[in-house]
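Colleague: I would like the entire structure built from these sequences, with the hints used as guidance.
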Amino acid sequence: LYMIDLQALPDQGKPDAVLVRAREKGVRYSVEPHGDNDLVILTNHGDCPNNKIVLADRKNPSNWDHVLVQHDDDVFYEHVAVCSKFLVVDGRRGGLTRVWTMPAAGGESFRGQELKEFVQPEPVYTVEPVHSHNVEYNAETFRVIYSSMTTPSTWFDVCPFSHNKSTVKVRHVGGGFQA
Numbered sequence: 004l005y006m007i008d009l010q011a012l013p014d015q016g017k018p019d020a021v022l023v024r025a026r027e028k029g030v031r032y033s034v035e036p037h038g039d040n041d042l043v044i045l046t047n048h049g050d051c052p053n054n055k056i057v058l059a060d061r062k063n064p065s066n067w068d069h070v071l072v073q074h075d076d077d078v079f080y081e082h083v084a085v086c087s088k089f090l091v092v093d094g095r096r097g098g099l100t101r102v103w104t105m106p107a108a109g110g111e112s113f114r115g116q117e118l119k120e121f122v123q124p125e126p127v128y129t130v131e132p133v134h135s136h137n138v139e140y141n142a143e144t145f146r147v148i149y150s151s152m153t154t155p156s157t158w159f160d161v162c163p164f165s166h167n168k169s170t171v172k173v174r175h176v177g178g179g180f181q182a
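FYI, in the numbering used here the residues of the sequence shown are 4 to 182.
Hints should not be assumed to be uniformly reliable.
With a straight-line Cα cutoff of 27 Å, these simulated BS3-like cross-link-like pairs (lysine-lysine) come out [said to hold, decoys possible]:
(1) K119 to K55
(2) K88 to K55
(3) K88 to K119
These aren't lab readings, by the way, just hints derived from the structure by calculation.
Modeller: Put into structure tokens, the structure is as follows:
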């Protein structure tokens, strides 16, 4: 995977493509830039079938020694979305979909921070970020869709720090259903 930093374009000519990491058999990874210096990388590297999240420096993107979120046999981390002041991770634990957030310390770096789960009110549910709605890098909230056996599909905007949520849309369910 090569990365082109559009913020650091040379004055003339084409931008340089930087190799993030040489190809390794069976290793998957996705890269999200954060700020001027960091790359947030979701990977299965190092015998981590459920993935882990590492932080790399843009100047040395192949050094994945700084593990931000350790591999966990009980948790599958599926996707990471990075904003300027926080990141959102979605995955599964205990057979249920889950969402976690992590603030950037001082709005600058994720180093030394921990994931916080966006806890749901019902025991059985589905929840996931709506990635097509979470494309603003300087966003103050992120959007999720939630549903359960008693709650129709509901879209919420969620504060990544307090996990307070506001309802954006509720899918109408016919037949006299009352949630």
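Colleague: Each hint should be assessed against the structure and marked as holding or not.
Modeller: Against the structure, the hints come out as follows:
1. A C-alpha spacing of about 15 Å is found between K119 and K55, which places the hinted pair at or below 27 Å, so the restraint holds.
2. Under the criterion of a C-alpha separation no larger than 27 Å, the hint pairing K88 with K55 is consistent with the structure, at around 20 Å.
3. For the suggested pair K88 and K119, the alpha carbons sit about 14 Å apart, so the restraint of at most 27 Å is met.
Checked against the numbered hints above, the structure violates none of them.
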